[in-house]
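Participant: Model the placement of chain B on the given structure of chain A, informed by the hints.
There are 2 protein chains.
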Amino acid sequence: MKKKSRLPVEDYIDGVLKGDRMVLSRAITLVESSLPSDQMLAEKVMEGILPYSGKSIRIGITGVPGVGKSTFIENFGKILVERGHQLAVLAIDPSSQKSGGSILGDKTRMEALSSDKRAYIRPSPAGAALGGVSARTREAMLLCEAAGFDVVLIETVGVGQSETAVKGMVDFFLLLMLAGAGDELQGIKKGIIEMCDALIINKADGSNVEAAKRAKREYANALHLFPAKENGWIPQVKTCSAIEKSGLEEIWTMIDDFRDKMTKNGFLESNRQEQRVNWLQEHIRYLMESSFFHHSQVKKRMEELLPGIKSGKFSAIAKARELFDLFLKNRGND
Amino acid sequence: MKKKSRLPVEDYIDGVLKGDRMVLSRAITLVESSLPSDQMLAEKVMEGILPYSGKSIRIGITGVPGVGKSTFIENFGKILVERGHQLAVLAIDPSSQKSGGSILGDKTRMEALSSDKRAYIRPSPAGAALGGVSARTREAMLLCEAAGFDVVLIETVGVGQSETAVKGMVDFFLLLMLAGAGDELQGIKKGIIEMCDALIINKADGSNVEAAKRAKREYANALHLFPAKENGWIPQVKTCSAIEKSGLEEIWTMIDDFRDKMTKNGFLESNRQEQRVNWLQEHIRYLMESSFFHHSQVKKRMEELLPGIKSGKFSAIAKARELFDLFLKNRGND
Numbered sequence: 004m005k006k007k008s009r010l011p012v013e014d015y016i017d018g019v020l021k022g023d024r025m026v027l028s029r030a031i032t033l034v035e036s037s038l039p040s041d042q043m044l045a046e047k048v049m050e051g052i053l054p055y056s057g058k059s060i061r062i063g064i065t066g067v068p069g070v071g072k073s074t075f076i077e078n079f080g081k082i083l084v085e086r087g088h089q090l091a092v093l094a095i096d097p098s099s100q101k102s103g104g105s106i107l108g109d110k111t112r113m114e115a116l117s118s119d120k121r122a123y124i125r126p127s128p129a130g131a132a133l134g135g136v137s138a139r140t141r142e143a144m145l146l147c148e149a150a151g152f153d154v155v156l157i158e159t160v161g162v163g164q165s166e167t168a169v170k171g172m173v174d175f176f177l178l179l180m181l182a183g184a185g186d187e188l189q190g191i192k193k194g195i196i197e198m199c200d201a202l203i204i205n206k207a208d209g210s211n212v213e214a215a216k217r218a219k220r221e222y223a224n225a226l227h228l229f230p231a232k233e234n235g236w237i238p239q240v241k242t243c244s245a246i247e248k249s250g251l252e253e254i255w256t257m258i259d260d261f262r263d264k265m266t267k268n269g270f271l272e273s274n275r276q277e278q279r280v281n282w283l284q285e286h287i288r289y290l291m292e293s294s295f296f297h298h299s300q301v302k303k304r305m306e307e308l309l310p311g312i313k314s315g316k317f318s319a320i321a322k323a324r325e326l327f328d329l330f331l332k333n334r335g336n337d
Numbered sequence: 004m005k006k007k008s009r010l011p012v013e014d015y016i017d018g019v020l021k022g023d024r025m026v027l028s029r030a031i032t033l034v035e036s037s038l039p040s041d042q043m044l045a046e047k048v049m050e051g052i053l054p055y056s057g058k059s060i061r062i063g064i065t066g067v068p069g070v071g072k073s074t075f076i077e078n079f080g081k082i083l084v085e086r087g088h089q090l091a092v093l094a095i096d097p098s099s100q101k102s103g104g105s106i107l108g109d110k111t112r113m114e115a116l117s118s119d120k121r122a123y124i125r126p127s128p129a130g131a132a133l134g135g136v137s138a139r140t141r142e143a144m145l146l147c148e149a150a151g152f153d154v155v156l157i158e159t160v161g162v163g164q165s166e167t168a169v170k171g172m173v174d175f176f177l178l179l180m181l182a183g184a185g186d187e188l189q190g191i192k193k194g195i196i197e198m199c200d201a202l203i204i205n206k207a208d209g210s211n212v213e214a215a216k217r218a219k220r221e222y223a224n225a226l227h228l229f230p231a232k233e234n235g236w237i238p239q240v241k242t243c244s245a246i247e248k249s250g251l252e253e254i255w256t257m258i259d260d261f262r263d264k265m266t267k268n269g270f271l272e273s274n275r276q277e278q279r280v281n282w283l284q285e286h287i288r289y290l291m292e293s294s295f296f297h298h299s300q301v302k303k304r305m306e307e308l309l310p311g312i313k314s315g316k317f318s319a320i321a322k323a324r325e326l327f328d329l330f331l332k333n334r335g336n337d
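Going down the list, the protein sequences come from chains A and B.
Per this note's numbering, the very first residue in the first sequence carries number 4; after that it's consecutive.
Per this note's numbering, the very first residue in the second sequence carries number 4; after that it's consecutive.
So here's chain A without its partners, still in its complex pose:
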């Protein structure tokens, strides 16, 4: 593995705190690295910036491919920067999923926003195999906050696992949907609807306006069937047309209102406290996996065992134990 050139810890911290985009990007690349030496460095950078993080409103956005997330973020983001906000957009790529969508494939996405100096757009790398993607996105978010961004949007495609991860790091979770035909394949699972703070019917434009209104009523009724949230917030259902820029101001007003209420009733902070504990646990898992699966003796032995595992000759659980013992015994020698 080729080691990339790195900055001293202080340079990362200073650069990020000054809002230097170049350093911010390099710092995110650093935290995304799976090299052990990078990880140690990243931990120091994170410790340095942590006291300066936490001052943004953290918004998660999900929805299946085709629902119009890019256009939504582009035009919603434009409203935010024009109101004087500093906006960071992070995308979680649900790697290791068969139908991952194309968050990262399309380079022309959010063209206007990405050329706007008041916004910063950062996709996560594809194919990060060993868990950790969500943990890295969390660190990218904290870095963005330390760099002065006061609104962070975290985008994910609506295919399952990544929503739980995003929900675990944001204050407000927004689900984009479409009205009308094909809803059964739109495929948003009940669990995702339950975790959202707002359900937005996008593409409420042209001949689709009536259908969107109808869908809004249906979803509003359906949401009543869910148990009340402990924070006292009743999930809102709204329509918008991201492409025609209608309904977007109202969405921001709603999020602002959410932040006010949740700050007053203490839930914003108590939710973040819980998230920090989850962050600890996730990072422990990440450390365990990355140190294990990158351990040279473990890798070598695993190669030897694989044919017998595949054929069913060896018991996977007995060999898992052998590999784990090997790892523990040689932890210092790698």
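If you're looking for bench data, these hints aren't it; they were derived computationally from the structure.
It cannot be assumed that every hint is accurate.
Identical chains share a label here; the pair holds if one copy fits it or two copies do between them.
Straight-line C-alpha distance at most 30 Å; calculated DSS-like pairs for lysine-lysine [claimed, not checked]:
#	residue 1	residue 2
1	Lys219	Lys58
2	Lys241	Lys267
3	Lys219	Lys232
4	Lys316	Lys47
5	Lys47	Lys313
6	Lys264	Lys316
7	Lys47	Lys302
8	Lys47	Lys241
9	Lys313	Lys232
10	Lys264	Lys313
11	Lys81	Lys21
12	Lys219	Lys302
Just so we're clear, the structure is a prediction, and the values are computed from it rather than from any experiment.
Facilitator: For chain B alone, coordinates are given in the frame of chain A:
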């Protein structure tokens, strides 16, 4: 933690191979235990029964609560046992999910089947916190096979993560759905539809027959939009009425046909080979997590750190490293 009385390794192995239900149940309880001493014992039992496993057709069944899974398994299972099959039914409980469904809550489920000597029904325990639930289900499946069951049904509710786990241990994956209104909240995500080998529209009875036929056509069309599977199997869409026992024979014929084709083209075995490698990786994760989070020094230190983690005073990733180092340093002393 109270240690339950255990049998010697040989007694578990002999009892399971003789098809003794009582011993089978105790063996499954053993593999589900998170006690380190039980885990060691379970590994030996698994190693002993492994050569006798693998002879069943493994079928995964999912669908959201209300779709009629219990009735389906009850009456589909009845057909199988009447054809002379030995049937084991395992349920995965998606613990740690907010909307877990009620797989385990309803004790009157599958009443007829559970009193049938040719069938064996085993739910997974609720609330197993540290991953591993799916790994334990896999071991329960292998134990059932060694006990002579030649059809294993693995049931899960359609709320996300657990489907991926089930897909990773079965030969054939079956998705139950309903026709008609409310499909948007029926909430089956695209990823689950993509991984299924058959999509069954249940409750095709009474005034619902036409809607079910229509839904069948729509889903059949929709499935054409997905890329072809590498095994050459084209996912089937069928209707049935589990309660009226119609369409169930056809489903078994289809699964039988699938097994024939996949045995001939080698995919049944190559798929299982891949699954065994995943099993190894999953079990390593399970070992790491259970040995870490049950480590007494780690637990003690974590308690001390939690207030500072919650308040944001400590960096979660720095403290994760500290805890991980503590674990590695004291691995033999717990």
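Participant: None of the hints should be skipped; say for each whether it holds.
Facilitator: Checked hints:
| no. | hint | in the structure |
| --- | --- | --- |
| 1 | Lys219 with Lys58 | neither (32 Å within a copy, 51 Å between copies) |
| 2 | Lys241 with Lys267 | within (24 Å within a copy, 53 Å between copies) |
| 3 | Lys219 with Lys232 | within (20 Å within a copy, 36 Å between copies) |
| 4 | Lys316 with Lys47 | between (45 Å within a copy, 14 Å between copies) |
| 5 | Lys47 with Lys313 | between (41 Å within a copy, 19 Å between copies) |
| 6 | Lys264 with Lys316 | between (60 Å within a copy, 25 Å between copies) |
| 7 | Lys47 with Lys302 | both (28 Å within a copy, 24 Å between copies) |
| 8 | Lys47 with Lys241 | neither (42 Å within a copy, 57 Å between copies) |
| 9 | Lys313 with Lys232 | between (46 Å within a copy, 21 Å between copies) |
| 10 | Lys264 with Lys313 | between (55 Å within a copy, 21 Å between copies) |
| 11 | Lys81 with Lys21 | within (23 Å within a copy, 69 Å between copies) |
| 12 | Lys219 with Lys302 | neither (53 Å within a copy, 47 Å between copies) |
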